[in-house]
Each structure stands twice: as C-alpha cells, then as structure tokens.
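Chemist: What follows is the residue order along each chain.
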Amino acid sequence: KNEVEQSPQNLTAQEGEFITINCSYSVGISALHWLQQHPGGGIVSLFMLSSGKKKHGRLIATINIQEKHSSLHITASHPRDSAVYICAALGGNQFYFGTGTSLTVIP
Amino acid sequence: NAGVTQTPKFRVLKTGQSMTLLCAQDMNHEYMYWYRQDPGMGLRLIHYSVGEGTTAKGEVPDGYNVSRLKKQNFLLGLESAAPSQTSVYFCASSYGQADTQYFGPGTRLTVL
Chain A
1 KNEVEQSPQN
11 LTAQEGEFIT
21 INCSYSVGIS
31 ALHWLQQHPG
41 GGIVSLFMLS
51 SGKKKHGRLI
61 ATINIQEKHS
71 SLHITASHPR
81 DSAVYICAAL
91 GGNQFYFGTG
101 TSLTVIP
Chain B
1 NAGVTQTPKF
11 RVLKTGQSMT
21 LLCAQDMNHE
31 YMYWYRQDPG
41 MGLRLIHYSV
51 GEGTTAKGEV
61 PDGYNVSRLK
71 KQNFLLGLES
81 AAPSQTSVYF
91 CASSYGQADT
101 QYFGPGTRLT
111 VL
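Read top to bottom, the protein sequences are chains A and B. Those letters in the first sequence? Residues 1 to 107, per our numbering, in order. Those letters in the second sequence? Residues 1 to 112, per our numbering, in order.
The hints are simulated quantities; they were obtained by calculation from the structure and are not laboratory data. Fair warning: this is a prediction, and the values are worked out from it, not measured in the lab. By construction, the Cβ of each residue, glycine as well, lies at the ideal position given by its N, Cα and C atoms. Careful, some of the hints might be misleading.
What the hints assert, rightly or not - Distance windows between CB atoms, simulated:
| # | chain 1 | residue 1 | chain 2 | residue 2 | range |
| --- | --- | --- | --- | --- | --- |
| 1 | A | N22 | B | G3 | 25 to 31 angstroms |
| 2 | B | T5 | A | E15 | 30 to 36 angstroms |
| 3 | A | G42 | B | E52 | 23 to 29 angstroms |
| 4 | A | S30 | B | L112 | 40 to 46 angstroms |
| 5 | A | E15 | B | F10 | 32 to 38 angstroms |
As the list claims (entries may be wrong) - Reference excerpt, derived from the structure (chain A facing chain B, CB under 8 angstroms, subset only):
| # | residue |
| --- | --- |
| 6 | V27 |
| 7 | A31 |
| 8 | H33 |
| 9 | G41 |
| 10 | M48 |
| 11 | S51 |
| 12 | F95 |
| 13 | G98 |
Required output: the full structure, derived from the provided sequences and hints.
Modeler: Structural data, given as structure tokens:
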C-alpha cells in the first residue's frame, strides 16, 4: 500500500474548467509538497504547505491535517496546465510521493 | 543562477559498468536529494544529504553510493550497473527539510 494516494490518475478537461486533484496520505506528516512535471520531464515545485491554504495565480492548494488530505485546484484551466501533478508528503526524514495525476486540458 | 544542474543528461551503460552522476546547485542549499522515477511509480528517494560531508539512505539505496564532499555538489555512483537501474534520475535541493525543493532536469540512464 502506498503511503500517498492521488486521485484521479488521469483527468481530461475542457479549457476554462475548474479542476481538482486529490491527495490522501496515511503517514504523519509535517508538510506536503505539490509538484508539476511537464511533458518534457522537468519538475517544478508549486506549493509546500503544512496547514490551511495557499494560492498562486490560478492555483490553490489546501490541506486538512486531521483528515490527512490535500487538494490542488486549478481555476480557469488552460492547455498549458497539461502536465503530471505529484503530491509528496514529508513524514519523518523523507518524502513519500504519489504516482501523479496526468492532466490534459483540451482547447 | 543556474539552479540545479545534472550531468550527464543521457547515458547508456552495459551491465557491470560503473558511472557517477553529478548534481550541482548554486543556491547554497543544505539539503540535497537523489531520486529515481520509473513508469507507474512515484519518485523514490535513493539517498539524501543534510549538509556537506553527510549522507543518509532513502527508500531504495541498494546498488548506489553517494558523496557530498562540497556543499554545492552531490554525487551518485553506480559501482556495478544492473538493468534494474534503468531509470530517470532526478537531483533536488532545498534550504531546509520542509522547504521547497528545486529539481534538476534529470538524467536518463539505460543499462543494457
């Protein structure tokens, strides 16, 4: 069993739609990381959060420590948002990574 | 700033050969990490370092060795490559353990 589970695994959306990607974890954590992996393979950090909510442009990340759950929202989605989104939970001394959600936004 | 760089970008090895992957960062970060990424699996931590001269094992350390002789460099070595080590390797660095990690562009390694 993976310590971090993401859903959905694959997601296709029309441009402009509101998108939600979910991340549930089973370990006790001190922080959770959302990453974006571009089709070319590069990985970029989107958010690191340990409580509440963070917003950056059209991206919003929330975390509920009691429920061991985090969500990544994308408002007004755009084809350039097409990527794999990965959540990683920091438990103890290491990160536990989900297998990613592959998002395709169609024009 | 170059951020995090990795060399080489691609490499093909034969079983039993050795090689070293180099990760360099110019952000004065204390923490550095080596991950591998395989199809259908998430990133998995191989080894990490919390500062110059220190290293620690991650989730999948077998078959790899690391060194952090200088703060800005983190080397990953394969002493005797095996086909199971075919993967994409990512290096990352961060200021602190719970801080944003910055990733290198990756090294695609194929072991025949």
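Chemist: Does each hint hold? Answer for all of them.
Modeler: So, going through the hints one by one against the coordinates:
| no. | hint | verdict |
| --- | --- | --- |
| 1 | A:N22 x B:G3: 25 to 31 angstroms | holds, 30 angstroms |
| 2 | B:T5 x A:E15: 30 to 36 angstroms | holds, 34 angstroms |
| 3 | A:G42 x B:E52: 23 to 29 angstroms | holds, 27 angstroms |
| 4 | A:S30 x B:L112: 40 to 46 angstroms | holds, 41 angstroms |
| 5 | A:E15 x B:F10: 32 to 38 angstroms | holds, 34 angstroms |
| 6 | V27 | violated, 13 angstroms |
| 7 | A31 | holds, 4 angstroms |
| 8 | H33 | holds, 7 angstroms |
| 9 | G41 | holds, 5 angstroms |
| 10 | M48 | holds, 5 angstroms |
| 11 | S51 | violated, 12 angstroms |
| 12 | F95 | holds, 6 angstroms |
| 13 | G98 | holds, 6 angstroms |
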